[in-house]
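Starting from the given sequences, assemble the full structure and let the hints guide the process.
For the protein sequence lines, the chains are A and B, in the order given.
The first sequence lines up with residues 1 to 156 when you count with full-length UniProt numbering.
The second sequence lines up with residues 1 to 156 when you count with full-length UniProt numbering.
Treat the hints loosely; a few may be bogus.
[Unchecked claim] Pairs of lysine-lysine, DSS-like flavour, derived with a Cα cap of 30 Å: (1) A:K94 with A:K71; (2) B:K66 with B:K94; (3) A:K138 with B:K71; (4) A:K71 with B:K71.
[Said to hold, decoys possible] Have a look at the derived ranges for each label pair, beta carbon to beta carbon: (5) A:R86 with B:A107: 25 to 35 Å; (6) A:A89 with B:D127: 51 to 61 Å; (7) A:T91 with B:D127: 54 to 64 Å; (8) B:S3 with A:T4: 49 to 59 Å; (9) B:R31 with A:Q32: 45 to 55 Å; (10) A:A68 with B:R78: 17 to 27 Å; (11) A:G80 with B:R78: 40 to 50 Å.
[Said to hold, decoys possible] Partial pick of chain B residues on the chain A-facing surface, computed with a CB cut under 8 Å: (12) P6; (13) F8; (14) L14; (15) F15; (16) V20; (17) R78; (18) L79; (19) D114; (20) E123; (21) E133; (22) T140; (23) P141.
By construction, these hints were calculated from the structure, which means they are not laboratory data.
Note that the coordinates shown come from a computational prediction; the quantities given were computed from them, not determined experimentally.
For every residue, glycine included, the Cβ atom is placed at its ideal position computed from N, Cα and C.
2 protein chains.
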Amino acid sequence: MSSTPPGFELPLRLFLAFRVLIDELHAELGRQGHPDIRPMHGFVMQAIGPDGTTAVDLGRTLGVTKQAAGKTIETLERLGYVERTRDPADTRRKIVRLTPYGRDALARSAAIFDDLRARWAAELGEDRLRALEADLRKMTPADLWRLDIPGWFGAT
Amino acid sequence: MSSTPPGFELPLRLFLAFRVLIDELHAELGRQGHPDIRPMHGFVMQAIGPDGTTAVDLGRTLGVTKQAAGKTIETLERLGYVERTRDPADTRRKIVRLTPYGRDALARSAAIFDDLRARWAAELGEDRLRALEADLRKMTPADLWRLDIPGWFGAT
DNA sequence: ACACGATAGACAACCTGGTTCACTATCTAG
DNA sequence: CTAGATAGTGAACCAGGTTGTCTATCGTGT
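Below, the structure is given as structure tokens:
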């Protein structure tokens, strides 16, 4: 009976939901000793991973140029989240690794995200939430990391 | 039996789903004579609405400063999507209105979004999609337009 | 009637995060 | 051992956001 919602509501709600989660994450991260971290940084650190990476590689992972990746790394380095060391096996390369502070931020982010998911589960019911996740998984690419988050909005 | 997914998957999937929809929208818009439109522009035009608005008001709606709104309007004006006219009743104000070209873009966007939603419904089932929309509605603020999309990623 | 506060718009300087182009240093294969 | 590919960096530029300042106009209270 009820008419179908206008198509434009869906993307908006998806974005709003994303935003709500990210905003709550960062509010909580701020309280837990990471006030300077920005939404992007968490994704970038997640993309760097436990073993480290290089600027070129990070750029490839995130879908941005190596220069953009380099700038972001610089910012993260200034904030103390990552450190760069020369690769002894190839002195052109600089390995970017998370510092303990960076790993702390990542661990806290994971915990907070789990907590937020639990709150959603409490609100919607675990089964509904699982259905939601399953549906989203069905409609999105498998590769979680090709977010192209940095700058995708200005994409040509 | 199956363990709960890690909390960080949810926001990522939400964002990815949003991105998928927006990317498909713009691919299709490009094919339909609007190659220069950017993701943000659609939201801004939607926010301008059929009756027009002013820079200050648009800024309020979108949650950005009037200067930022002004810049965006300028871009949209340059692209031919909006036009500005002095308000005869208050010569300080400039009314921003969609041009026929802008209205065309908006109408096409709405149609494409409806089509995309229909594709999701075909894939997931109308009832599952409705449940998804209902759940998202429950977890997001009522005000659809306070997206703060422009620049929220760089938010302090 | 008019002065004063509030409002609309515009301009400048600056920030972030992206882009392209150009360059150096180093590695690797023929 | 040279030629080409690759890693990192720097510079110039762009979009879109911010704050601060300025002018023009409106509207209200005395």
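Checked against the structure, which of the hints given earlier come out wrong? Per hint list: 3, 5, 8, 17 and 18 violated.
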